Amino acid sequence: MRRCVIVDDNERFLAAARSSLERGGLEVVATATTTTDALEKIDALKPDVVLVDIALGAESGLDLVRRIVEATPSGPHVVLISTHREEDVAELVSASPAAGFVWKADLSARAVRDVVAAGE
Amino acid sequence: MWWRQESSEVSDVLTGRPLQRWAAGVATGVVLVVVATGVVWLLNRQFTPRGLLVVYLLAVLPVAMRWGAGPAILVAALGVGTFLVVIAPPRTGGPALVALGVFVATAVIVAGLAAGLRRSIRESQELAAEQSALRRVATLVAEGVPAPELFEAVSREVGLLCDADLARLERYEPDGTVTGVGSWARVPARLAVGTRIELDGVSVAREVRRTGGPARVSGYAYADGAVAAEARELGIRSSIGCPIIVDGHLWGVVVASSKSAKAFPPGTEARIQRFTELVATAVTNAEARAAVRRNADEQAALRRVATLAARGDADPSPVFAIVADQVRTLLGADCTSVLRFESDETATYLAARGWRDAERRKPGAKWYPEEPSVIENVRRTGQPARLDYSDVKVIQELPPSLRSEGIRSAVASPIVVESRLWGSIGVGSRTRLLPADTEQRLIAFTEVVATAIANTESRTELARSRARVIAAADATRRRLERDLHDGAQQRLVSLALELRNTQAEVPAELPELSTAVGRLADDVTQVLDQLRELSRGIHPAILSEGGLGPALRTLARRSPVPVDLTVRLESRYRDAVEVAAYYVASEALTNAVKHAEADHVEIVVEERDGVLHLLVADDGGGGADQTRGTGLTGLYDRVASLGGTMRVSSPVGDGTRIQVHLPLQTS
Chain X
-14 MRRCVIVDDN ERFLAAARSS LERGGLEVVA TATTTTDALE KIDALKPDVV
36 LVDIALGAES GLDLVRRIVE ATPSGPHVVL ISTHREEDVA ELVSASPAAG
86 FVWKADLSAR AVRDVVAAGE
Chain G
363 MWWRQESSEV SDVLTGRPLQ RWAAGVATGV VLVVVATGVV WLLNRQFTPR
413 GLLVVYLLAV LPVAMRWGAG PAILVAALGV GTFLVVIAPP RTGGPALVAL
463 GVFVATAVIV AGLAAGLRRS IRESQELAAE QSALRRVATL VAEGVPAPEL
513 FEAVSREVGL LCDADLARLE RYEPDGTVTG VGSWARVPAR LAVGTRIELD
563 GVSVAREVRR TGGPARVSGY AYADGAVAAE ARELGIRSSI GCPIIVDGHL
613 WGVVVASSKS AKAFPPGTEA RIQRFTELVA TAVTNAEARA AVRRNADEQA
663 ALRRVATLAA RGDADPSPVF AIVADQVRTL LGADCTSVLR FESDETATYL
713 AARGWRDAER RKPGAKWYPE EPSVIENVRR TGQPARLDYS DVKVIQELPP
763 SLRSEGIRSA VASPIVVESR LWGSIGVGSR TRLLPADTEQ RLIAFTEVVA
813 TAIANTESRT ELARSRARVI AAADATRRRL ERDLHDGAQQ RLVSLALELR
863 NTQAEVPAEL PELSTAVGRL ADDVTQVLDQ LRELSRGIHP AILSEGGLGP
913 ALRTLARRSP VPVDLTVRLE SRYRDAVEVA AYYVASEALT NAVKHAEADH
963 VEIVVEERDG VLHLLVADDG GGGADQTRGT GLTGLYDRVA SLGGTMRVSS
1013 PVGDGTRIQV HLPLQTS
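Just so you know, the sequences run in chain order X and G. With the working numbering, letter number 1 in the first sequence gets -14, and the count goes up by one each step, no holes. With the working numbering, letter number 176 in the second sequence gets 538, and the count goes up by one each step, no holes.
Incorrect hints may appear among the rest.
To list a few chain G residues with every Cβ distance to chain X over 12 Å, as calculated [to be verified]:
no., residue
1, R548
2, G575
3, P627
4, S856
5, L857
6, L890
7, P924
8, G1015
Label-pair restraints from in silico Cβ distances [as the list claims (entries may be wrong)]:
no., chain 1, residue 1, chain 2, residue 2, range
9, X, D22, G, T928, 34 to 42 Å
10, X, A43, G, A662, 55 to 63 Å
11, G, G899, X, G9, 31 to 39 Å
12, G, D926, X, D99, 26 to 34 Å
13, G, R881, X, D22, 36 to 44 Å
14, X, D99, G, G993, 38 to 46 Å
These are computed hints drawn from the structure, not numbers from a lab. As the structure is a prediction and not an experimental result, all values here were calculated from the model. C-beta: ideal position from N, C-alpha, C; glycine also.
Start from the sequences and build out the full structure, keeping to the hints where you can.
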C-alpha cells in the first residue's frame, strides 16, 4: 500500500499532510478539494488508499465515501479524516463504508496503515 | 293570506236574535195562558173569579224569567184579555176593574223583578265564565306552556267569551307587519299561524298600533287593503281589538271578529284587556326564559369556540367548523356559511353547513359574491345585511348559487378583525323569515370569531417571530461553530501536523529541540481539545453533518449513565426541528445525571403521522421544578415556536418523563 489520494478543501493541511505521509512512505499521488475532482482522480490514478475529510465545505465527505465504494466496490481503502475527534464523529464513521478514522492532528502514514489493517 | 276558510256554510246564528226571543217568549206565554185559563175555569166553581186572576202570574213569571220583561208584560195582557173574554166578562165597573188593575200592576212588577233576576243571573254566569276562562289561561301561563299553545288558548277563550266568530292573536314586527301567532274560529276553518300580514289597509291591528289603545272596526264593505278584503270574504262585519303591552312596548294585539252587524257590547274591551294582561305576563316570562336559555346556550357555544380558538392551533379550520355548527343550531337556521374575503374581491368558504349544493361550498372553495346576496352586501358595506327572497317568483332573479337552495330569508354579519373587514358569517332559512334579532345574535358570534382569528393570527405571528429569533440564533451558533472549525481548528490541526513534521526533521543531535517542538505539538493538541469542547457547546457538528440519529447516538455514548436509545427516523429534518429535539434530549440527559441521580435513561425518537415524537424518561428522583431554571424552560419556547408541545411529568421519587411532539410540516 503505497499510493494515496487526499481529499480536503484546506490547502495548508494538504501540504502538511503530504509531507507527513510521504515521510512515512505513502506517496500522495493527488489531492482533491471537491467530490467531482476526487472521483475523477481516483478513477484515473487508482490509488491504494483515499483519505476523505468528513466536512468538505458545502459537500459531504460521507457522500463521497459512499460514491467511491459504489463506483468501485473492490477499489481503494477509504479512511475518513476530520478536525473533530473520533468520539465526536464515531457514529458517522461506523455508519459509513469507510475503513476507519484518523484525527487530522494525528495523521501519519503509520496511523493510516493501522486503520486500514484494523478495517480488513 | 294567513287564514283560510274550509267550510263556506256558516250558519248565521247572531242575526235576528231579539225577534227569536220575543217569538219564543210569546209562544210559550200563549201556551201557559191557555193552561192557566183551564185551571181558572176549573177552580171558578169554588172561588170567586176575581181571586183567580193570580193564577195568570204563573204564566207571566216563567216568561219573565226566561225571555225578559217585555214578552212577560205581553203575556200578562194576554192573560187578562183571555180572563175577561172566557171566565168573567166585565159586568160591573168598580171592584172588578180595581182587581184587574191590581193584577196588571202586580204582573208588571213581578215581570220586572223576574227579568232583573234573570239579567243578574246571566251576568253572574258570564262573570263566572270569564273568571274561569281567565283562570284557565292563568294556569297555562303559570305552567309555562309553549307560546303557540298559550296563544291558541287565549284566542279560543276570547272568541268564546265575546261571542265572536273568529279571534286571533297577532304580534307586531319591527318591519311594520304583524305575524299571526294564535287563532280560533267558531266554525271549522284552518287558520295558518306564523305568516306575516301587511297592514296596508283598514284593520284593527293598524288602529291599535296607531292609537296604542283598544279599537273597533265595523263595516269592511268598502274598506281598502288585504285584511278588509279577507274580512269581506269571510262575512266579518265588525271587529274589536286590544293591545298587548309588554314592558311598556306594544307587543301585539288580540282581535275578536263577528259576522253580526250588532256591535260588540260595551265593556268587551275591558274583558279582552284582562286577557291581554295575562298574555303580556306570559310573553315577558317566556321571553325572559327564552333569553336566559338562549343566553346560556350561546354562552356555552361561544365558550366552546373560544376554548378551541385559545388553543391557537396552527390550523384554525376546526374553529370555523364548530362556529358553523353552533350558529346553525342556536339561530335555528337551515344553513350557514363562514367565509373569508380575499383581496381579489372573491370570498373563500371556510365552513358551510346545511346547503343542498355542498360541493360548491366545501372548505377552501372560492366564490365571487353575487348580487343580490347578503354576503355581497356585507362585503360592500361592512355592515350586517338581510334579504327576504320570499317574494321572488322568478328563479332567475336569484343569484345562481341560491337557485337550487330554496332559501327564503338570509342574514349575514361581518367578521371584523382589528378594524379590518376579514370575512362574514351568513345564515339562511328555507321556511320562515329569520327573527329580527338574528343580526344581533350573529354579531355576538362574529365578534368571538374575530377575536379568535386575531388571537390565532397574533399567536401564529408570535410563534413565527419567536421561531425566526431562535432560528437566527441557531444560525449564528452554527456559523460560529463552522468558523471555528474552518478557521482556528483547521489551522491548529495543520499547525500540529506541521510541528510533528518539523519534529521529525530535527537532526538527531538536537534532542532538546526535538523535545521542545514535540511539546509545542502537544500544546497545540490540547488547545484543539479545549476548542473542541467549546465548539461542541456552541453547536454539535455531528448534528449538521449526520443528523439527529447519529447526534443522539453520540450523546448516548458519551453519557456517564447507561442510555437505552431507540431511533426510528425516516430522514433528515429541517435544522430547527433537529436542533430542538437534540437540545431537549441533551438537556434532559444532563438533568438526569446531574440533578436526578438517575441510574438509567431511556430515549425514544420516532417519526409518526407527520410528527416527530421524542421521549426522555429516567429512573431518578423526579421532582423537576420547571419554574426554577432547569434549562428546560427555554426549551418550551423553542418547541412552542415550532408549533410543537412539550410535557414534563416529574413526580417526586418517580423519575422524570419528558415528551415532545414536533410537527414536521411547516405551516
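Against the structure, the hints:
1. R548: For R548 of chain G, whose nearest Cβ neighbour in chain X is about 97 Å away, the distance exceeds 12 Å, so it holds.
2. G575: 93 Å, holds
3. P627: At about 106 Å from chain X, P627 of chain G clears the 12 Å cut-off, so the statement holds.
4. S856: 4 Å, violated
5. L857: Violated: least Cβ distance 8 Å, not greater than 12 Å.
6. L890: Non-interface label fails for L890 of chain G: nearest chain X Cβ at 6 Å, not farther than 12 Å.
7. P924: 17 Å, holds
8. G1015: Label holds. Min Cβ-Cβ 34 Å, cutoff 12 Å.
9. X:D22 / G:T928: 34 to 42 Å: 40 Å, holds
10. X:A43 / G:A662: 55 to 63 Å: 58 Å, holds
11. G:G899 / X:G9: 31 to 39 Å: About 35 Å separates the Cβ atoms of G899 of chain G and G9 of chain X, which means 31 to 39 Å holds.
12. G:D926 / X:D99: 26 to 34 Å: 33 Å, holds
13. G:R881 / X:D22: 36 to 44 Å: For D22 of chain X against R881 of chain G, whose Cβ atoms are near 38 Å apart, the range 36 to 44 Å holds.
14. X:D99 / G:G993: 38 to 46 Å: 41 Å, holds
Figure legend: structure checked against the earlier numbered hints; hints not met, in rising order: 4, 5, 6.
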